[in-house]
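Q: One letter stands for each residue in the lines below.
Protein chains: 2
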Amino acid sequence: MTDREALGCWEVLDRECVADASPYLKLHREKVRLEDGRVIDDFFTLEEPDFAVVFALTRRGEAVVIWHYKHGPGRVNLGLPAGYVKDGEEPLAGAQRELLEETGYTAPDWRHLGSFSVHGNRGCGKAHVFLAERAERTAEPAADDLEEIRVELIPRAALWEHITKGDVATLGAAAGMALGISASGEGRGE
Amino acid sequence: MTDREALGCWEVLDRECVADASPYLKLHREKVRLEDGRVIDDFFTLEEPDFAVVFALTRRGEAVVIWHYKHGPGRVNLGLPAGYVKDGEEPLAGAQRELLEETGYTAPDWRHLGSFSVHGNRGCGKAHVFLAERAERTAEPAADDLEEIRVELIPRAALWEHITKGDVATLGAAAGMALGISASGEGRGE
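Top to bottom, those sequences are chains A and B. The first sequence lines up with residues 1 to 190 when you count with the working numbering. The second sequence lines up with residues 191 to 380 when you count with the working numbering.
Hints are supplied without guarantee of correctness; some may be wrong.
Ranges between beta-carbon positions, derived for each pair [unchecked claim]: (1) B:Ala-347 to A:Trp-110: 22 to 28 Å; (2) B:Glu-195 to A:Asp-41: 29 to 35 Å; (3) B:Arg-265 to A:His-112: 16 to 22 Å.
None of these hints come from the bench; they were simulated from the model. Since the structure is predicted, the reported quantities are computational estimates derived from the model, not experimental observations. Glycine included, each C-beta is placed from N, C-alpha and C at the ideal position.
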């Protein structure tokens, strides 16, 4: 066990692109020097665009969620409005755009709940998680995603059951819902 | 917008391995047919081992967390005991092993909080998230991970501040903490 202050970083000694599907994905083989001096010749990392995830609640405390097929888990599952942040776009603007495009909802109150690397070892871009409150439907959804989407309103208190029974299949949606539930409960005696 | 029942799955028409770093990682280029019939020639997916993540609480309500460098975010950050599930190992057994190896803690009460694909589009293996309660330190940590680790006990109520101020850098740790906080608060009037 080490003192926190003594923890060091790895050093990248060399980096080679072994698969390039820009702008969506680049796989790199890195030669890295660990904190203890050991050198690893083939540590793989993945470069991908960041994305934004939105936990939106209506005034009545319903979460704006979506049912959609996702190819990672390979099944139809319960997720959150989310999508890649565009070049030059702020994560918050990307979150607002994705919420509107995928669900037709807009909201006056936004809060950043954190930005997290999707993959602890490989990177894979960051997930920027946002809470949107007092969301209202103000337009028709107009997403041009690869997946078809069904929007549903689910009371915040009922989401936990969907999570525990396996309806939520991706880590990003699980994190967004759990963080959103915690953050929106603050200061309400919950 | 589509009825939930009408949502379909994609069909994989062809699949080619474009980078093989087994057993840790395999990158595939897939030719897929979407729900609406369109065919995409180059959708990339990643095959990786599943891993287990543990949110462990002591009898006094302290979370057993770790400080460590992770190469995905590229910095020292606050995470949870976690690691790859071995071939033929049950996810729960992997979770118990990782908790013991990384922190020296064991626990009598375990609960599965969900299993989630790390990456909604690419797969990247599943994160199996567990809550362990009444954890006690019963051994010396003996991890042989690439990263050095510092174990810390943080009161469950103080974790939220660490999350919001950016100490938690990976989606797996954020999901594990937020799910664990919600699940361990159930039935306690919280």
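Q: Mind checking the hinted window 22 to 28 Å against the Cβ distance between B:Ala-347 and A:Trp-110?
A: Given range 22 to 28 Å: holds, Cβ gap about 25 Å.
Q: May I ask you to test the hint 16 to 22 Å on the CB atoms belonging to B:Arg-265 and A:His-112?
A: 18 Å, holds
Q: Holds or violated: the 29 to 35 Å window for the beta-carbon distance between B:Glu-195 and A:Asp-41?
A: Cβ of B:Glu-195 to Cβ of A:Asp-41: about 50 Å, so the range 29 to 35 Å is violated.
Taken one by one, the earlier hints fail for this structure only at number 2.
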